[in-house]
Amino acid sequence: MALLADLFAGRLLDPGYAEAEARRAASGRPAPRGRPRGAGALLVLMLVGVLLAAAGAQARRSEPVAAEQRARLLAQIRARADDNDALQRRLERVRAETERARAMALARSAEGRRVRGELSAAAAAAAATPMSGDGLVVTVDDADPPEQGGGAGDGGRVYDQDLQVLVNGLWAAGAVAIAVNGQRLTPTTAIRSAGEAVLVDYRPLSGPYEVTAVGDPARMLDAFGGSAADRRMRVLEERYGIRYEIRRVEGVRLPAAGVLRLRHARAAAP
Amino acid sequence: MIALIGLAAGVALGLLLEPDVPLWLQPYLPIAIVAALDALFGGLRARLEGIFDEKVFVVSFVGNTVIAALIVFLGDQLGVGSQLSTGVVVVLGIRIFSNAAAIRRKLFGA
Chain A
0 MALLADLFAG RLLDPGYAEA EARRAASGRP APRGRPRGAG ALLVLMLVGV LLAAAGAQAR
60 RSEPVAAEQR ARLLAQIRAR ADDNDALQRR LERVRAETER ARAMALARSA EGRRVRGELS
120 AAAAAAAATP MSGDGLVVTV DDADPPEQGG GAGDGGRVYD QDLQVLVNGL WAAGAVAIAV
180 NGQRLTPTTA IRSAGEAVLV DYRPLSGPYE VTAVGDPARM LDAFGGSAAD RRMRVLEERY
240 GIRYEIRRVE GVRLPAAGVL RLRHARAAAP
Chain B
0 MIALIGLAAG VALGLLLEPD VPLWLQPYLP IAIVAALDAL FGGLRARLEG IFDEKVFVVS
60 FVGNTVIAAL IVFLGDQLGV GSQLSTGVVV VLGIRIFSNA AAIRRKLFGA
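Just so you know, the protein sequences line up as chains A and B, in that order.
With numbering that gives the first Met the number 0, you'll find the first sequence wraps up at 269, consecutive numbering, no jumps.
With numbering that gives the first Met the number 0, you'll find the second sequence wraps up at 109, consecutive numbering, no jumps.
Bound-form chain A, shown alone:
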């Protein structure tokens, strides 16, 4: 605490010069004032200058390196996402094959046919199979970035909660299957946010967000219009200028959900 105490007392923090002065006075040498400045101080000052310039150059040089690393990371993310999509397609293909084989095996007996009916109902509910039919597409997007000097600021951004409310509203309106930007939602899919990105099933999505709901369009429109979710989105549209549109689509096809974890089923003992 001596440093702080000295500081508050207003004492010299570096007594070196004062002591040198006292020594000089004691030995009776002439005062240094007016004496030509020696080479040592000049050298040190030049060294400080070189240090400053070197540090500045270093900081300038490291900027493009950081940008390059960022670009590399971005490319890597895209490549991995593409790989992921390819694997997803393969999974879908293999799943369809399995589905066919299972259907054939189950079609042999009356009991099997009954189980098959139950299974397909359960699979549809769990978003394990692709779904197609008519439905609604709700498009939401962030508001245009506010112009300089005053604007909606961060309010014009579509948050994960907005999407959650919208999706829940569509479920409540009688949707049988929902996908966000082509990402099928299961009953347990999480819609979250990480930083500024909205994650659906832990995959980052970017706007515009297209929420596709398969179901009877006329009935869904009736039930959804004026619901809590619809009112909330309208308020957001009015107040913050986010984009919000509903349109009917025909013959839309939603893929099966990506990851399905078996929670209760166990493999039969061989």
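These are computed hints drawn from the structure, not numbers from a lab.
Idealized CB from N, CA, C, for every residue including glycine.
Keep in mind that the hints are not guaranteed to be accurate.
[Unchecked claim] Okay, the calculated beta carbon distance ranges per label pair: (1) S81/B <-> A78/A: 31 to 37 Å; (2) P203/A <-> D19/B: 37 to 43 Å; (3) G240/A <-> G108/B: 51 to 57 Å.
Start from chain A and add chain B according to the hints.
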């Protein structure tokens, strides 16, 4: 005046030569600069108070930079490099500001 010329000449020299700072030295460069600034302000204050001493100036500069770099090096070895760097910057910052305050009092009387 000579001091300013020396400083400007150093900056020009550094910009012209663009010395490549070796990788192992890079973490110590910012700390060394803060330490050098401390010595610089101390010297300026002493000059304004009429007690500037070249030997003290040179020794304080060399000592400051070397010890600051050593502390950071030691911290890196112990795994507390960033914390020790922060400590060095805080202490040197306090000294720089108190010296700057003394210089301000001398120059502007405020």
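Verification of the hints:
1. Checked against the given bound of 31 to 37 Å, the beta carbons of S81/B and A78/A, roughly 33 Å apart, stay inside it.
2. Checked against the hint of 37 to 43 Å, the pair P203/A and D19/B passes, with Cβ atoms roughly 39 Å apart.
3. A hinted range of 51 to 57 Å holds for the C-beta pair G240/A and G108/B, which are about 56 Å apart.
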